[in-house]
Amino acid sequence: MDELRRALDFCVCHQTILGYSTVSLLTAASEQIFSSVVFKCPCNSGNMLYGSTFLLMPAFILFLLGYMVNTRIWRLLTGSCPPENHCSCSPWGTCTQYCLVLAVVTARALVAPLTWIAVALLSASFYECAASGSSLMEDFVCKGKGQECRKLLVKIPCDEKLSKDITAEHLSLQAQSQLIGWLLIASIMTVALIAKCISRCDSPARYRQLKLLKTYSEKEQELFEIKAKEHATRLAEINTNYFFGVTDPVPFQTPSNEDWQNINSLYTFNSKDQYYSMLHEYVNTKRGKSNESGQGGQ
Amino acid sequence: MDGFQTLLKFFMNQKTAIGYSFMALLTMGGERVFSLVAFRCPCSNENFRYGLVFLFSPALVLLIIGYFVNSKTWKLFTGCWANPRKIFPRGNTCHFFYIFGQITLNALVAPVMWLSVALLNGTFYECAMSGLKNPTYLNAVCHSKSEKCFEELHKVACDKSSMPFTESDELKRTLQAQSQILGWCVIVTTALLSLLTTCCASCQSKVSHLQLMFLRVYTEKEKEKMEQIFQLYATKLSERNLKCFFENKEPEAIPLPAFQAWEDASQLYSVSSSKQYYSTIHKLVEEAPKGINEETETMMDFVDRRETS
Numbered sequence: 001m002d003e004l005r006r007a008l009d010f011c012v013c014h015q016t017i018l019g020y021s022t023v024s025l026l027t028a029a030s031e032q033i034f035s036s037v038v039f040k041c042p043c044n045s046g047n048m049l050y051g052s053t054f055l056l057m058p059a060f061i062l063f064l065l066g067y068m069v070n071t072r073i074w075r076l077l078t079g080s081c082p083p084e085n086h087c088s089c090s091p092w093g094t095c096t097q098y099c100l101v102l103a104v105v106t107a108r109a110l111v112a113p114l115t116w117i118a119v120a121l122l123s124a125s126f127y128e129c130a131a132s133g134s135s136l137m138e139d140f141v142c143k144g145k146g147q148e149c150r151k152l153l154v155k156i157p158c159d160e161k162l163s164k165d166i167t168a169e170h171l172s173l174q175a176q177s178q179l180i181g182w183l184l185i186a187s188i189m190t191v192a193l194i195a196k197c198i199s200r201c202d203s204p205a206r207y208r209q210l211k212l213l214k215t216y217s218e219k220e221q222e223l224f225e226i227k228a229k230e231h232a233t234r235l236a237e238i239n240t241n242y243f244f245g246v247t248d249p250v251p252f253q254t255p256s257n258e259d260w261q262n263i264n265s266l267y268t269f270n271s272k273d274q275y276y277s278m279l280h281e282y283v284n285t286k287r288g289k290s291n292e293s294g295q296g297g298q
Numbered sequence: 001m002d003g004f005q006t007l008l009k010f011f012m013n014q015k016t017a018i019g020y021s022f023m024a025l026l027t028m029g030g031e032r033v034f035s036l037v038a039f040r041c042p043c044s045n046e047n048f049r050y051g052l053v054f055l056f057s058p059a060l061v062l063l064i065i066g067y068f069v070n071s072k073t074w075k076l077f078t079g080c081w082a083n084p085r086k087i088f089p090r091g092n093t094c095h096f097f098y099i100f101g102q103i104t105l106n107a108l109v110a111p112v113m114w115l116s117v118a119l120l121n122g123t124f125y126e127c128a129m130s131g132l133k134n135p136t137y138l139n140a141v142c143h144s145k146s147e148k149c150f151e152e153l154h155k156v157a158c159d160k161s162s163m164p165f166t167e168s169d170e171l172k173r174t175l176q177a178q179s180q181i182l183g184w185c186v187i188v189t190t191a192l193l194s195l196l197t198t199c200c201a202s203c204q205s206k207v208s209h210l211q212l213m214f215l216r217v218y219t220e221k222e223k224e225k226m227e228q229i230f231q232l233y234a235t236k237l238s239e240r241n242l243k244c245f246f247e248n249k250e251p252e253a254i255p256l257p258a259f260q261a262w263e264d265a266s267q268l269y270s271v272s273s274s275k276q277y278y279s280t281i282h283k284l285v286e287e288a289p290k291g292i293n294e295e296t297e298t299m300m301d302f303v304d305r306r307e308t309s
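Residue numbers (the UniProt record's numbering), protein chains in the order written: chain Y, 1 to 298; chain B, 1 to 309.
Treat each hint with caution, since some may be false.
DSBU-like, lysine-lysine: derived pairs with alpha carbons at most 35 Å apart [stated by the list, open to error]: (1) K155(B) / K133(B); (2) K133(B) / K227(Y); (3) K219(Y) / K275(B).
Derived DEER-like restraints, expressed as beta-carbon distance ranges [what the hints assert, rightly or not]: (4) F224(Y) / A201(B): 17 to 25 Å; (5) E151(B) / L162(Y): 48 to 56 Å; (6) D273(Y) / T235(B): 53 to 61 Å; (7) Y98(B) / L223(Y): 46 to 54 Å; (8) M189(Y) / A201(B): 35 to 43 Å; (9) F68(B) / D259(Y): 38 to 46 Å.
Source of the hints: derived by calculation from the structure; they are not laboratory data. The C-beta atom is built at its ideal place from N, Cα and C for all residues, glycine as well.
Make a model of the complete structure from these sequences and hints.
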């Protein structure tokens, strides 16, 4: 049991990396399933459309899914344009905040689609099918070889021997695909490293403080869920008991709509105030104000 | 045990994703079973009708099941005959269509999954389109093939045509390719539409994200508490009734909410930004502090069911 606990602790500590690795593994596995079970290149003039559909549509769907499961974007969007305002919303001040959050969310949402494209290019079946039907490839491979070459080019995905005959002087379609795949992986890694360097250089918090910030956010989220469940259970108990006439109405303190609104916006750490979340800032400033008003009343 | 608890908690948190994946796997399994066991393409002029029926009838059945299992449907329709104003309240006639639209969107998930899986597999589409006698379509599919293609396309799905193997194999692959491209288009369109509608609905939400999360937790907990209290009261009431019946005693009073209270509590709740209510019952409780109208049940005249206290 100790070992299991240690393994689970390790998983919880590194859950972001494990999460992304699981997504990548699942994407790779489903790509293998698709290309071996579902994918059958038609070997005619529809090759280009078919191959590019299988290459790009799943990537697009994974991209949209990436947006849907990201909570940051919903935290920002929910209630941002209620019907009472008649949609005269989004003042310019928050435009930069929206754009920044959108950029971060887009970058995270791009992990799964780029994994799909990279794995698909490495396994080469989709690219081979698409390229064998593309007019660019026709012009490149069949220069000076006549009409027969063009007719046979589209049959390459269905017949391996043809590939050696027609593309003998150039890189085979499969090799091209794998080359592009590796280039894509290398460039994504480089861009990711540069982006992380820039964001860390620009960060208002120091290295160890960032770790505390991350741990604090996770713990606050965990405890928020627990506290919300407890609060909801107590409120539901009071309401249902009163509905059935079991007890008389019991006064119960619940945060107001305004309180919820105030803790909802996404928090950006600043080195002056050193608050670790919107909740932290709200609790400190609210308590400060209520202390002042208490003293003023005396 | 701690480890097991943590694992269980992780899976409970991901229950939406697990639910949808399970539904997708079930759809894939069901489609496989259908296409292997039940589906036999007739390879005649009836191909088109047969293929379309197999493609769309399960989708229709799944849609109807989706309507059945959604509790909002029954909340909307129960008692509407006696009180039509409930569905079309004064000054808010679009209310019914808005709620019905929401229910329909939820119910459409399973049929769309079926359609996409069936189209990606290609068997039903291949059978249906090989029987389509539209001249434009036939010209497009058979354009560089022999004359036999126009007459024997419907036999291609069963490998019974007299065309050479390469030609019939290419025709099959073409039809399958069309089916799979259509399948991907269906999935992409659905994903895009659901992202856009979720965005619009979120933007127009009257409360913030965190409060909406709390609202969901509260709704779940209230449902649980209601179930518990129903069990408790149903047990108490039935015990009392049976005891009085068998032992011929006077029934003691068990107070229950009045009919109007049940009617009010059964309304569909919509969030308001000005009021701090999380459900219809919460609203009733906060707005009726003098006490829900209690019915003293023992005083009912069982013959004509009027209060005779």
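Consistency of the hints with the structure:
Proximity of K155(B) to K133(B) is assessed by CA-CA distance (about 13 Å); at most 35 Å being required, the pair is judged to hold. A distance of roughly 65 Å separates the Cα atoms of K133(B) and K227(Y); the hinted pair therefore is violated under the 35 Å criterion. As the CA atoms of K219(Y) and K275(B) are separated by approximately 31 Å, the hinted pair is consistent with the 35 Å bound. Look at F224(Y) against A201(B): about 23 Å separates their beta carbons, and that is inside 17 to 25 Å.
Between E151(B) and L162(Y) the C-beta distance comes to about 31 Å, which lies outside the given range of 48 to 56 Å. The hinted range of 53 to 61 Å is satisfied by D273(Y) and T235(B), whose Cβ atoms lie roughly 56 Å apart. Evaluation of the 46 to 54 Å hint for Y98(B) and L223(Y) yields a failure: the beta carbon distance comes to about 36 Å. In this structure the supplied range 35 to 43 Å holds for M189(Y) paired with A201(B), their Cβ-Cβ distance being about 37 Å.
Our hint of 38 to 46 Å for F68(B) and D259(Y) holds, since their Cβ atoms are close to 40 Å apart.
Violated hints, in rising order: 2, 5, 7; the structure is consistent with all others.
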